[in-house]
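Chains as they are written, first to last, in our numbering: chain P, 829 to 1096; chain W, 829 to 1096; chain D, 829 to 1096.
Derived from the structure by calculation, the hints contain no laboratory data.
It cannot be assumed that every hint is accurate.
The list makes no distinction among identical chains, and a pair is therefore deemed to hold if it is satisfied within one copy or across any two copies.
[What the hints assert, rightly or not] Only pairs whose alpha carbons sit at most 30 angstroms apart, straight line, appear in this in silico DSSO-like list of lysine-lysine:
#: 1; residue 1: Lys888; residue 2: Lys974
#: 2; residue 1: Lys974; residue 2: Lys916
#: 3; residue 1: Lys995; residue 2: Lys844
#: 4; residue 1: Lys1086; residue 2: Lys844
#: 5; residue 1: Lys888; residue 2: Lys909
#: 6; residue 1: Lys990; residue 2: Lys941
Please read these numbers as outputs of a predicted model, since none were measured by experiment.
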Amino acid sequence: MLRTPVITLTTDFGLKDPFVGIMKGVVLGINPEAGIIDITHNIERQNILEAARVIAASSKYFPAGTINVAVVDPGVGGSRKPLLVVTKDHYFIGPDNGLFSMVYERIEPDFLKVIHLTEPKYFLPSTGSTFHGRDIFAPVAAWLSKGTDPDNFGVKLDEYIKLSITKPVLSGDTLTGEIVTVDNFGNTISNITVDELANLVPLDSRERFKVSSGSRQMTVLNYYAENDGGSLSAIINSFGQLELFVFRGSAADKFNLKTGDKITVTLV
Amino acid sequence: MLRTPVITLTTDFGLKDPFVGIMKGVVLGINPEAGIIDITHNIERQNILEAARVIAASSKYFPAGTINVAVVDPGVGGSRKPLLVVTKDHYFIGPDNGLFSMVYERIEPDFLKVIHLTEPKYFLPSTGSTFHGRDIFAPVAAWLSKGTDPDNFGVKLDEYIKLSITKPVLSGDTLTGEIVTVDNFGNTISNITVDELANLVPLDSRERFKVSSGSRQMTVLNYYAENDGGSLSAIINSFGQLELFVFRGSAADKFNLKTGDKITVTLV
Amino acid sequence: MLRTPVITLTTDFGLKDPFVGIMKGVVLGINPEAGIIDITHNIERQNILEAARVIAASSKYFPAGTINVAVVDPGVGGSRKPLLVVTKDHYFIGPDNGLFSMVYERIEPDFLKVIHLTEPKYFLPSTGSTFHGRDIFAPVAAWLSKGTDPDNFGVKLDEYIKLSITKPVLSGDTLTGEIVTVDNFGNTISNITVDELANLVPLDSRERFKVSSGSRQMTVLNYYAENDGGSLSAIINSFGQLELFVFRGSAADKFNLKTGDKITVTLV
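Chain P on its own, in the form it takes in the complex:
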């Protein structure tokens, strides 16, 4: 017997306040069988773009039917709409502020529709203005996990907010991207992906890539320990992204790299 679909949570609530625990209590009060998985609650406060990247990176590793709740929601209680986004395999629930921009970007038939959550019978009875994670998003996720039809929660929306996601630019044989994430290890991850690199040259010829960050130049290695000399190196990480790293160290700290810094790849 399978458990009902997994519900994931991505927020900027941090792990000190009881907000995340309370959302889980609300879910379990509606569906005691729900399985709830934390993606992260340490999104930088109000950083919608960071959350959008985390949602896009994580959702594909969850089983079909997974319900992804994301709450980074400075506009809570105002005019911004609460949403349920339906794709071929997954659901996404959260505010209409661009959190799901990278979900919308996927080519059909992955992305199917966006529903404006308007049906209060699926909300907590007394809905306040500062915590829709508890009052709207958690209960809607719980009802959805119990099998409620998505269309019951509200009305289909044709317009919703899409943030502009910076893409690498190809000019001649040079691809210019930027650092978009610094991970827990100080690895600096760019928006250059295997898809763009494969447009330059087949990836089995990756020794032909010359990667540059400021005045530093690197080749693309196959695994971290391949360069244990402490200099900056490049790798295509397991998410298919070009990443700069230092073996057993923090590239960000050691080479003063940060999000927004340019990275170029040239064919040699």
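Let chain P serve as the given structure and place chains W and D on it in line with the hints.
Showing chains W and D alone in chain P's frame:
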């Protein structure tokens, strides 16, 4: 088929040591079906009052039958008693040091009885003196989640520790409270609640409240984004508490607010 | 009906990136019934020895059949082998870099065998070189939790990496050990255990132990609150380790103690 009751955990153990994981292992060794939810493990070390507020804020959002374990326990291993608190809908397990003060405050019939945990057959076999979360509270929670009668765990207690919880003071048309919590967003939350405000004037006339913090005066807004100018604002948050905030910023940092600072509400 | 075995996770991934959540998604995609418990994700980056201690301290509190996944893995993608370690009661999955050194140390028949994970049909289809937690360790744990025979995952290994674990030294009536862990409370935990102390004198005569840290001398107390005067004290903690503490304070901060500092116990 419902899972057995949820067990929640609230501690000051932090998230680096394996203490929380070990408590969960002990629970699952006794009841493999238990569902365990973290409320927070980042209570300030030994801050019993902070934990008492977190427990009171979170427990009501969990289903009937939920077992709330709280371990902020500087007196572990000494003479302080281990407790099981029974209310109409919930259970609370932890040391007798005031952690459940706000549970005791609730009006009957919510609060029913306090049991001193004296029956060692529900403890781990070798109980040490520094980690009763593992040796007493986790196993008692697990046995309770399996249906053991509360009275089997020990004897009813008539005296137990209640911390004094500061209440707002009404003088004429002015209610004086204080900041009791600063949340992850830097919002500063007071001990003034909708109940006290409703004694001043019906809440649908909230435009008549003048809120003061030091020399700053504010009206009560309806949602955060209503004041996007960067000045300090007040709101009644979704827990029914008067809260001071700055839209997309930290009120605590920007206006140097901290717990204990006075907040007044005057009728105008 | 029991759930399938518990899977525990111990990593240095931190709680900001989605890495831990992604591993859980992979597990649930293979075994939707799996129960997953976090031990910690705040192991110091690349500190294999710290993780080895955490694994040894926590695994014994989990039920028989528990699958412990540990990922502190600077050598990921290179020549280091992925392992499944089988003991009488538990499984351990992670890289061959010494993470399981304290598991190997246990006397037979606890430790049974080490299997080199070589069978790609239990891995994610496209295995990258930077995240074997997702691509190898999580799926192997999930398949194991579903009942796959350990021998199906690969071939038995006779050589694997064991880190040297510092032991206390007995010289005459003096046992010299060192601080190996500083916990969330600033308690400083040594590698001197009840077993070594019992070799000096039966533990019911613990008043005969004189504990020294630098120029400070202490007796061994029975519980933390026994010394509320703010001076450094010793206790045998609930893991059977000799620990130095300050009641309601941080011994590490107040007395400038750190891992590697010597602790001696002399019989008086």
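Structure-based check of each hint:
| no. | hint | result |
| --- | --- | --- |
| 1 | Lys888 to Lys974 | both (21 angstroms within a copy, 22 angstroms between copies) |
| 2 | Lys974 to Lys916 | both (18 angstroms within a copy, 27 angstroms between copies) |
| 3 | Lys995 to Lys844 | between (35 angstroms within a copy, 24 angstroms between copies) |
| 4 | Lys1086 to Lys844 | both (27 angstroms within a copy, 16 angstroms between copies) |
| 5 | Lys888 to Lys909 | both (25 angstroms within a copy, 27 angstroms between copies) |
| 6 | Lys990 to Lys941 | within (14 angstroms within a copy, 53 angstroms between copies) |
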